[in-house]
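Let the hints inform the model, and build the full structure from the sequences given.
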Amino acid sequence: MQQSTHTISVSAQGRKLYDITAQVMNWANQQAISTGLLTLYIQHTSASLLINENYDRDVLVDMEAFFNRLVPDGDALFIHTVEGPDDMPAHVRTALTQTSLSIPVVEGKVALGQWQGIFLFEHRYMSATRRIMMHLIGE
Amino acid sequence: MQQSTHTISVSAQGRKLYDITAQVMNWANQQAISTGLLTLYIQHTSASLLINENYDRDVLVDMEAFFNRLVPDGDALFIHTVEGPDDMPAHVRTALTQTSLSIPVVEGKVALGQWQGIFLFEHRYMSATRRIMMHLIGE
Amino acid sequence: MQQSTHTISVSAQGRKLYDITAQVMNWANQQAISTGLLTLYIQHTSASLLINENYDRDVLVDMEAFFNRLVPDGDALFIHTVEGPDDMPAHVRTALTQTSLSIPVVEGKVALGQWQGIFLFEHRYMSATRRIMMHLIGE
Chain S
48 MQQSTHTISV SAQGRKLYDI TAQVMNWANQ QAISTGLLTL YIQHTSASLL
98 INENYDRDVL VDMEAFFNRL VPDGDALFIH TVEGPDDMPA HVRTALTQTS
148 LSIPVVEGKV ALGQWQGIFL FEHRYMSATR RIMMHLIGE
Chain P
48 MQQSTHTISV SAQGRKLYDI TAQVMNWANQ QAISTGLLTL YIQHTSASLL
98 INENYDRDVL VDMEAFFNRL VPDGDALFIH TVEGPDDMPA HVRTALTQTS
148 LSIPVVEGKV ALGQWQGIFL FEHRYMSATR RIMMHLIGE
Chain U
48 MQQSTHTISV SAQGRKLYDI TAQVMNWANQ QAISTGLLTL YIQHTSASLL
98 INENYDRDVL VDMEAFFNRL VPDGDALFIH TVEGPDDMPA HVRTALTQTS
148 LSIPVVEGKV ALGQWQGIFL FEHRYMSATR RIMMHLIGE
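Chains as they are written, first to last, in the working numbering: chain S, 48 to 186; chain P, 48 to 186; chain U, 48 to 186.
Because the hints were derived from the structure by calculation, they are not lab data.
By construction, the Cβ of each residue, glycine as well, lies at the ideal position given by its N, Cα and C atoms.
Possibly wrong hints are sitting among the right ones.
Here are some chain S residues pointing at chain U (derived, C-beta under 7 Å) [stated by the list, open to error]: (1) Thr82; (2) Thr86; (3) Tyr88; (4) Gln90; (5) Leu124; (6) His127; (7) Met135; (8) Ser147; (9) Ser149; (10) Val153; (11) Met173.
With a cut-off of at most 35 Å between alpha-carbon atoms, the simulated DSBU-like pairs for lysine-lysine come out as follows [as the list claims (entries may be wrong)]: (12) U:Lys156 x P:Lys156; (13) S:Lys156 x P:Lys63; (14) P:Lys156 x P:Lys63; (15) U:Lys63 x S:Lys156; (16) U:Lys156 x U:Lys63; (17) U:Lys156 x S:Lys156; (18) U:Lys63 x P:Lys156; (19) S:Lys156 x S:Lys63; (20) U:Lys63 x S:Lys63; (21) U:Lys63 x P:Lys63; (22) S:Lys63 x P:Lys63; (23) P:Lys156 x S:Lys156.
Derived CB-CB ranges, DEER-like [stated by the list, open to error]: (24) U:Met48 x P:Asn73: 24 to 30 Å; (25) S:Gly131 x P:Asp66: 41 to 47 Å; (26) P:Lys156 x U:Pro132: 30 to 36 Å; (27) P:Ala175 x S:Arg116: 26 to 32 Å.
Encoded structure:
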């Protein structure tokens, strides 16, 4: 049984879903694990992880539109406003999505479904460098 | 330390919560692991995983009703409508729930709480065969 | 490769976010794992896990306010009302957040980000003892 770890840095240019599937898969495939478990972890509270459809980019537009409406910027409900009108919504959007994801590795492949992609969901409007840690265990 | 993997297929007959607890537990118990980690992973973007109350079936009705209201079918907000009025809502509902779940195995048992069941949350109205991968590591 | 497990009990005094970061980190640090994976699992359906900002306590107030508005107590939509007006909302809030969390351990440290804390999100108004299981694998 062996383990590998690796950190991806993503230079996010504002609120959007960023496809990180290729970066994740490239690294995982290089580890030559036949059976195992891949875990992704994002070290932030204003950006999160999401597995969603990787085919029609309209899905990403709609996903963002939905979260934008569900958690309005500048909502009068919020008292934590010192970091800007999109900051507390960013924390809520992070809570509603994922900070960690685990995907089995089976027969030498990370077992993503045919239509699944892995996304960084950036919730702030400003640019930010986001760190995603990967941990792989298996043999 | 050993690993096992297994895939469950669920024949989902439309939008609903399907109890898969017995299928998961039966397989995990057969692996004879005393201490370990069980991970479930669903390979879809229109169906998800949920741990919730396993006792009163009204909870499942209410859960579905809540998500139905929160993410309305045919919402004018959405531009990805080519696959039907329930398709983009299905992706959003998947984003709001889980694609992967991890449960420790302690003293030979998957450590589900007394009132917890494991459910496939199907978000489409059409019938579909859904694949859930299981990975168990331990000894 | 080794494994350790441990259960944290939290005496929750009503609906609120409870910071469990120190309890988690203290135990994990004692296991002297250099590289590995820490998984937290909550054995309840009316309380959940959340990683969120650990610095400004206003964030916790706003988080609670948001979920309170999103999933109203006593909502006429719900038929599962026998356990009180906050019971079905508690199950929905649990579904919208996390039952399990996985965090890599890298260079001897649980890889929490600088601003991340780990919280028990209690969704009921009554007092309750909540059990969170931890599983650590690595070497």
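Decide if the proposed pair is consistent with the structure: Lys156 of chain U and Lys156 of chain S, CA atoms, cutoff 35 Å inclusive. Distance ~28 Å between Lys156 of chain U and Lys156 of chain S Cα, so the pair holds.
Tell me if the straight-line CA distance from Lys63 of chain U to Lys156 of chain S falls inside 35 Å. violated, 41 Å
Would the hint on Ser149 of chain S stand, with a C-beta cut-off of 7 Å toward chain U? With a minimum Cβ separation of about 6 Å from chain U (threshold 7 Å), the hint on Ser149 of chain S holds.
For Gly131 of chain S and Asp66 of chain P, compare the CB-CB distance with the range 41 to 47 Å and indicate the outcome. Since Gly131 of chain S and Asp66 of chain P have Cβ atoms about 44 Å apart, the given range 41 to 47 Å holds.
Lys156 of chain U and Lys156 of chain P: Cα distance at most 35 Å? This hinted pair holds, its Cα atoms lying about 28 Å apart.
Once the shortest beta carbon distance from Thr86 of chain S to chain U is found, is it less than 7 Å? holds, 5 Å
Given the hinted pair Lys63 of chain U and Lys156 of chain P, is their alpha-carbon gap at most 35 Å? The given pair, whose Cα atoms are some 30 Å apart, holds under the 35 Å limit.
Double-check His127 of chain S for me: the hint is only fine if its C-beta lies closer than 7 Å to a C-beta in chain U. Where the cut-off is 7 Å and the nearest Cβ of chain U is about 4 Å from His127 of chain S, the hint holds.
Indicate whether the distance between the beta carbons of Lys156 of chain P and Pro132 of chain U respects the range 30 to 36 Å. Cβ of Lys156 of chain P to Cβ of Pro132 of chain U: about 34 Å, so the range 30 to 36 Å holds.
Given hint Met135 of chain S near chain U, where the shortest CB pair must fall under 7 Å: Hint holds; Met135 of chain S Cβ to chain U Cβ min 5 Å, cut 7 Å.
Could you check the hint for me, namely that Met48 of chain U and Asn73 of chain P are 24 to 30 Å apart, CB to CB? holds, 27 Å
Is it true that the CA of Lys63 of chain U sits at most 35 Å from the CA of Lys63 of chain S? holds, 30 Å
Violated hints, listed in ascending order, are 1, 10, 11 and 15; each of the other numbered hints is respected by the structure.
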